[in-house]
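Chains as they are written, first to last, in this note's numbering: chain A, 234 to 666; chain B, -2 to 210; chain C, 52 to 370; chain D, 193 to 491.
Mixed in with the good hints there might be a few duds.
Label pairs and their computed distance ranges (CB to CB) [to be verified]:
| # | chain 1 | residue 1 | chain 2 | residue 2 | range |
| --- | --- | --- | --- | --- | --- |
| 1 | D | Phe351 | A | Ile651 | 55 to 61 Å |
| 2 | C | Ile78 | A | Glu299 | 38 to 44 Å |
| 3 | C | Lys360 | B | Ser3 | 16 to 22 Å |
| 4 | D | Ile273 | B | Leu60 | 32 to 38 Å |
| 5 | B | Asn2 | D | Leu262 | 38 to 44 Å |
| 6 | C | Gly254 | D | Arg286 | 58 to 64 Å |
| 7 | B | Asn2 | D | Ile273 | 42 to 48 Å |
| 8 | D | Leu294 | A | Thr635 | 56 to 62 Å |
Capping the alpha-carbon separation at 16 Å, the derived lysine to aspartate or glutamate pairs in EDC-like fashion look like this [as the list claims (entries may be wrong)]:
| # | chain 1 | residue 1 | chain 2 | residue 2 |
| --- | --- | --- | --- | --- |
| 9 | A | Lys497 | A | Asp412 |
| 10 | D | Lys388 | B | Glu25 |
| 11 | A | Lys291 | A | Asp548 |
| 12 | A | Lys438 | A | Asp655 |
| 13 | D | Lys362 | B | Glu91 |
| 14 | B | Lys199 | B | Glu189 |
| 15 | A | Lys438 | A | Glu449 |
| 16 | A | Lys491 | D | Glu377 |
| 17 | A | Lys301 | A | Asp655 |
| 18 | A | Lys491 | D | Glu326 |
| 19 | B | Lys7 | C | Glu245 |
| 20 | A | Lys470 | D | Glu377 |
| 21 | A | Lys586 | A | Glu449 |
| 22 | D | Lys362 | B | Glu125 |
| 23 | A | Lys470 | D | Glu196 |
| 24 | D | Lys480 | C | Asp162 |
| 25 | A | Lys586 | A | Glu364 |
| 26 | C | Lys182 | D | Glu461 |
| 27 | C | Lys203 | A | Glu299 |
| 28 | A | Lys431 | C | Asp184 |
| 29 | B | Lys49 | D | Glu377 |
| 30 | A | Lys427 | C | Asp184 |
| 31 | A | Lys497 | D | Glu332 |
| 32 | A | Lys342 | C | Glu207 |
| 33 | A | Lys366 | C | Glu196 |
| 34 | A | Lys453 | D | Glu461 |
| 35 | A | Lys431 | D | Glu377 |
| 36 | A | Lys516 | D | Asp195 |
| 37 | B | Lys177 | B | Glu25 |
Not everything, but these chain D residues come out facing chain B in the computed CB check (under 7 Å) [as the list claims (entries may be wrong)]:
| # | residue |
| --- | --- |
| 38 | Phe358 |
| 39 | Lys362 |
| 40 | Thr363 |
Bear in mind the hints are in silico, worked out from the structure with no lab data behind them. Ideal Cβ placement from N, Cα and C applies to all residues, glycine included.
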Amino acid sequence: MNFFRQCLILISSILISLLTFVGISNADGHKGFKLGVVTFLSGPAAEPFGVPAWNGGKLFIKLLNEGKVPAPYNKKGFGGMKITAIPIDESGGATKQVQEFRNLVQRDKVDAVLGYVSSGDCMAIPSVADELKALTVLYDCGTPRVFEDASYKYVFRTAAHAAMDNIAIAKYLIEKGHDISSIAGINQNYAWGKDSWKDFSVSVKKLSPSSEIKNELFPKIFSGQYGTEISALMNSKAKVVHSSLWGGDLQSFILQAKPRGLFKRTQVVFSAGDHVMPGLGNKYPEGVILGARGQYGMMAPDTELNKWFYKSYMDEYGVFPAQPPYRMVQGLMGLKMAIEKAMEKNGGKKPNKDEIAAAFKGLEFDSPGGLVQMKLGDGHQAIQPHAIGTTAKDKDGNITVTDIVRYKASCVNPPNGIKAVDWINAGFPGADC
Amino acid sequence: MLTVNSVSVKIGAILALKNFTLDIKKGEMISLIGRNGAGKTTLLKSIMGVNKLANGTIKFNDLDLNNSASHERAALGIGYMPEDRGLIPELTVEENILLPSWSIKSLDSNNRLTLVYQIMPELKEMSERKALLLSGGQQKMAALGRALVSGTQLLLLDEPFEGVAPALSQRLSEVIKGLKKQNMSIILSQSEQNHTEDIFDKKFLIERGENVN
Amino acid sequence: MSEKLYNNLLFQSIFLMSFLILVGLLIPNWLVFVITKAIAYGLVGLGIITLMRGGLVSFGQGFVFGIGGYTAGLLGTQAGLTDAMLLLFVSFLFTGLVGLIIAPLLARYRDIFFAMLSLAFSMVLYGILIKIDAIGGSDGFVLPESTYFGIKPSSEYADYILYVVAIIMTGFISILLRYYYDSTPGLIALAVRENELRVEYLGSSAFNVAVLNFTIAAGLGGMGGALNGIALGHIDPEFTYWTTSGEFVFISILAGYLSVPAVFLAALLLELVRSFSGRYFPDTWQLILGLFLILSIIFIPSGIGSFFKQFFDRLKKSK
Amino acid sequence: MVDEILTIVLDGAIYASWLFIVALGLTFVFGVLKILNIAHGGIYALGAYSTATLVPIFYSLGMPEQLVILAMLVSALAVAIVITPIMERGILRRFYGQDEVLIVLVTYAIYLVLEDVQKLIWGMNSLYVSEPRELLGALEFGSLYYVGYDLALIGLAIFCGLFLWFVLNKTQSGKIVLAVIHNPEISGCMGVNINKVYLAAFFIGAFLAALAGSFTAPLISVQVGISVAVVIESFAVVIIGGLGSIPGAVIGALIIGMARAACVHKLPEAEIFIMYFCMAGMLIFKPKGLFQGAQARKI
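If we strip away everything but chain A, and leave its shape as in the complex, we get (with noise of 0.2 Å):
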């Protein structure tokens, strides 16, 4: 037995040694673009956001690589460079994420970080990553605190955040003449949750100042059992419900008020319901009104770009793609569109950090939801239209969405320097509609 751990231990020992040498190796001498992805791969949030996002992105970084991509994304990966993508899971906290960042970009010499999923990881990474002057693209996470309360020189933001998901969806509400006299939300009970429901609210009043709330549920993240919830937003009869409950919980509670009728009662707004279409499929109740946190999947737009991704991943994957998809892409997009403008400027050269930062700031570029603008933020946070729509069966007996109206990102985005809260407060002074 001692003989046997201490085979054990030097085993072991040797492992870690070998490991840790194929780790440093790793690092040097590389050619291509090496770029760490950060993305869910466990835990609740990877079947709805993480597995699909990174599904997206494997294939798009494939296509870019064989040079499969139409213009203006032809050129073959980032600028003729070859991407080599690390994917990490992105679950544990975002103290464990920071420690992984460190990792990537002290250990694995990543040139650039694409990913993040949750807020909290989002507002944790920023400050290390200028710390380490690790060029970083957040992708998908929704806080607008990110570049409200700070300005980072390394960090950009590819997709909207969410306050356009709510100001839209109060907009829509309004503009199809739905009944928001009495409104109530179930919500998750952390920032995402609380941020979401806050620009819901105030939003409605801004726009209906009579509208009177009535139940404001925040169940913790991940309790998968609302029955009490659904009681208590039945016994409130508010005219609308809202929610921004996202993956498992949000497909748990439609199945739990589904037969319990809620739907039927109230008119229920999903602020980022369509990333379960795909899996829910025919369970997905009509007369829902959604938004996709953008144009993305059954409301992208009707554009060569979109109609390109929409098949390809199809293709792939046998289910279209929902926002996690669009949203990763997006992200890679953005990226490769600022290093080959660097590329342009510094002669054709694998550009350093500071290049692609300084072509990053303020880029426009096309995807396949829409023109992106890295307008907010000084030129770090984009901006994106924005589309809401209604669920409801086809003429087959499927569901889809459809009454779909689409908004300017000048719409339902704030202006440069105003922070999201105070332009909702102050009655969206400026929006271009």
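Guided by the hints, dock chains B, C and D onto chain A, whose structure is given.
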């Protein structure tokens, strides 16, 4: 029938039994005498397989017990009455007594129960009471009854008279004397020599885990 | 004799510390950082080991880890205190004080009940932290960059300087702990582990031993939390979550309660396994970490420290 | 007002039933094996997955709808049959008699492994089996609809509790288990094969965990990560009720279920906190929980 051959047992870092040797023949009754902590309970538990041996062997009817689990030893016909009685409080006296017969398939529970009640009729009177409600002395008696059910060949009685009122102690002593007549082998541990002295065939003195005869 | 041994210990420790400080210059930055983090976790593990010597295991050291981290963080953001050494020291004292206050509640209990009660405390703190939006709620908050004697090091050297500070402070704490372990109250704790009743008969109070040990463990855990927060530049309620506490218990069990340096080695080992399995097996790192935990508990039940002890015992014999 | 109280009681009872089934297995395993099994949550998830796999097969075979409950039972049983020998025989048995906290850590490690095992077997896509939930219709109650299936969960919980109680207290095998709970060493000396009892008890615990997962599967989307919440909530129940106590699990589940329902309806802000609050309060005032095992008098 039972030979304990230079057995050592470690409890934590302490050597609780050192090269202890003992043997008992069929129908013999031996007394194991030693102070508290001398190793009596450790020895009995080792025979039952509760404690692992550091070295030495224990044989029962020439069968090496070293690798058998407690329940297998009980099935060989060894009955054990622990010092702290070890009755199951939620069960009735009768259920406690019957416990070994539920698991050991070779025992006929009716037969064994009749035998126990025959030897100790007072147990029958309290048979439906929960063990939780018995006095210490009554518990000793029930535990002895339970040991008798599985102990068809050998009984290990750990301090049966300890902490028992004199009258009951006298009664227990009579019962044990009566068992000797049934050709039963018995090892009985005591912290001091007492009134039962005359019934033993052999005596082992144990001190700090060693046989000091 | 014992005089000589202690001198020897002090000499050994200072030698080891200087060696590590020098090594820090040669190894890559990420490893410097990983070691700093391992020191932070090791400090908490050291606290659990102090408790283990008295026969107790806390499954809720996330409680003190979190308090230490938030103390350092709030002093940094709210009071503008950024001196790393001062933050570590203040967190140590403050968390120790919190420990002293709640210790009497915990010290009455043993075994699984002690473990569960401490776990419950950490979960209550978790529940509170995610509710307070003013300090970031579930997202936590970013710490200001640390200074040393009023100087803010450039970002290339920040990691290394914190590493040096961590090694020096932890080194001296470890020496003090060794003295404590070998002192009368420290040895009484070991006796409590063996036989609590006997200790009570001899006139010492097992309760007092538990209170003292828990207070020390709390202080150490708080300092670990502060160091972890400062090193990462971010803290969040995850510090107090039960999975974090589980890692601390694992570190101390992997190390065993016999040796102080073993704790830091165990923490480093865990850090490396977790980080490399996350890097090379992003989909199944939990599986690998889990198997690593199970196998190390099966094959090294008395901890790495027992190897150290065997090794030194053999060394002494051969002399 | 009365309506609202009734709603709270009903919602609380449904939630408590779910909690109880999960906690029952946990507390039973602790009672017999003295193991606080963190991996219990993992087994719960396996139960949900196995139902989500078997029930569609069941339907595709064209079996009568009403028998779907049987398919759910079978899937829970299958999980228990597979997991018990691996966990109890293969791993946990090595640690019997060692520090309880060490074993908690081992089960934590197993929990981690099970998380990824789910991924390896079923992949990342979520599975749905909402069909069984449509079986029992709906019930109008005041201004609310309740799904019959949810209400039936209350019945299932009561059945599980009573059944286990009956087996333990009224059958011979159950009484043997009681003996082992009370004193495994002595029971062994009385001829009880403890390893067999441990195996059986673990099997029952695993079956209950899987059963809870099976019957929850129709309510949720079955995907990775569903076990996280289960672990802490079922712990809270057994800590409040007393480790190893079945009546304790009943009371613990009811306390948390009712407190939570009351909070959601009357004080939503406190909902997230109430469970920890109950747990901490109980630990401070009655650290061994509401119910402690009986002990025979020493003298």
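Going through the earlier hints one by one, which of them does the structure break, listed in rising order?
When the structure is compared with the hints, numbers 3, 5, 6, 10, 16, 17, 20, 21, 27, 35, 36, 38, 39 and 40 turn out to be violated.
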